[in-house]
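**Q** Sequence:
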Amino acid sequence: MLLSIQDLAVTFRMGKVDGVVQRQQAVGREGTTVSFDIPANSTVALVGESGSGKSVTAMSILNLLPDNAERSGRILWEGKNLIDTPLHELQHLRGREIACVFQDPMSSLNPVFTVGDQLMEPLMKHLGLSRKQALARAEELLVEVGMPEPKRRLGVYPHEMSGGQQQRVMIAMALACEPKLLIADEPTTALDVTIQRQILELIGKLKTKMNMSVLFISHDLGVVGEIADHVVVMRHGTIREQGPVARIFSAPQDDYTKALLACRPSLTENPVRLMVIDEHIAATQAAAEGREAAAARVAKAKDPNAPVVLEVKSLFKSFYLKEGLFGTREFKAVQNVNFKLKRGYTLGVVGESGSGKTTMGLTLLRLHEPTGGEVIFDGKNLLTLSASERQLMRRRIQVVFQNPYASLNPRFTIGQTLVEPMEIHGIGSSTEEREQIARDLLVKVGLDGRAFGKYPHEFSGGQRQRIAIARCLTLRPEVLVLDEAVSALDVSVQAQVLNLLKDLQDEFGLSYVFISHDLAVVRFISDEVLVMKDGVVVEQASAEQILHHPREDYTKRLLGAIPRGYQAAA
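Residues in the sequence shown are numbered from 0 upward in steps of one, following numbering that gives the first Met the number 0.
What the hints contain is simulated information worked out from the structure, not anything from laboratory work. You may find that some hints are simply not true.
[Claimed, not checked] Straight-line Cα separation of at most 20 Å, PhoX-like style, residue types lysine-lysine; simulated pairs:
{"no.": "1", "residue 1": "131", "residue 2": "150"}
{"no.": "2", "residue 1": "331", "residue 2": "312"}
{"no.": "3", "residue 1": "299", "residue 2": "443"}
{"no.": "4", "residue 1": "341", "residue 2": "299"}
{"no.": "5", "residue 1": "301", "residue 2": "339"}
{"no.": "6", "residue 1": "341", "residue 2": "312"}
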């Protein structure tokens, strides 16, 4: 056995209260411990929601935990207990025999060193190569991970590369010393489906080539089903179920595993609402006890004669980049985009990273100044409004960004975050009325009044995204532009936010421009879909038409890249 985790528990010291040290158990809660094995030449997946203990368990292997962490149990690496291993011996293992790839490559790569320097460091440190030898090997590693123009990439900095290219560099660094175990912690979560597919195939190919084992951490069973041999399902710091991937997908035993499989949007079925984890578990338990489950909420029928609230005509956006000493080069990010959006309807916009979908959405709002075209809202062209007119119009068209961790001011309480836009736009006659509106909206998005006085760091990613949506609703908008608003969320939290968006649309008649790289998500929430590539709309049709009868090869490639779990891969 390559690695065996036996009776692991991890506790964090949280400071003192009345002289007593407070502890919070992150792994091994409810009096249980965590145990599983990773055989040689195998892929074991740790699956669960945020806060389930997946990453803490994986980081315990090499003790990559904060200083306030306390581990107990045994972590046997080729028979040796790593919990008792001194730091200098662990440092020899790190990168040499056990390597890690993390979720966010931009925060893992050093921004002030070139890609070549960062690839060469482990080669010189662990293998004793000279700088010349390390540089040649670094180029070979970039070739192995499928990096275009590998020699040129050695001299660039991380910020000059796309997210997929950065992740390839991280994988190349991790595999530089040909480790026996690769720990991949959510390595594809924020990537578009085609890049995700490439990274999954790359990890699988390199695993076979190097006879390596992989501990793959994810919240998405669809992804796990295509890469894993064995699956360990975690929730609240405990193992709920583990077994071979075929058994987990064909005959899951635990209600939580069944719920994880059920809550992801599907390409074959399109329910009115997505089943979230707690609802699925409650329904399963009710059925087992012979009780009736709570009735599902019925969606409001769309009005086929609804008025058009937003019309885009021949929208263009170019960026002008410096080239040489005096020259410039035009980069056409958005070219000739046209669509109409009705009241109460959703337009999905899909495409790979760099397809122009986000630039198009931001240009609608004039967060990028357009190069040409018209955006007609309430009979006025938004692209020609004066500054004062634009300020009034922005109240009626709002945006929800992808990253809820960056879009909320960490110095403002949630109450201040929600009240501020109402003060700016003169909504409410007094501070008390504005605060009551804010509290009511927090309830509307599934939070309670206690959230009003808290700060963003006290909330999970899904809760922060609900707060961002509530902030938009304080201005009573008519159109929301949602830019990858659910792409970084767990599948269960994603289902909650998508259901919330549908409920709000039914209640307030909101219209959405929903930007995403995930066609399964777009199918669930959209009425019409634009498919973008290189700034151009290559296909435009109803969601069902796009899913079942795509015309363009590019659309077919996007559909083919979506993870479908073990059954489709088998």
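**Q** Flag every earlier hint the structure violates by its number, smallest first.
**A** When the structure is compared with the hints, none of them turns out to be violated.
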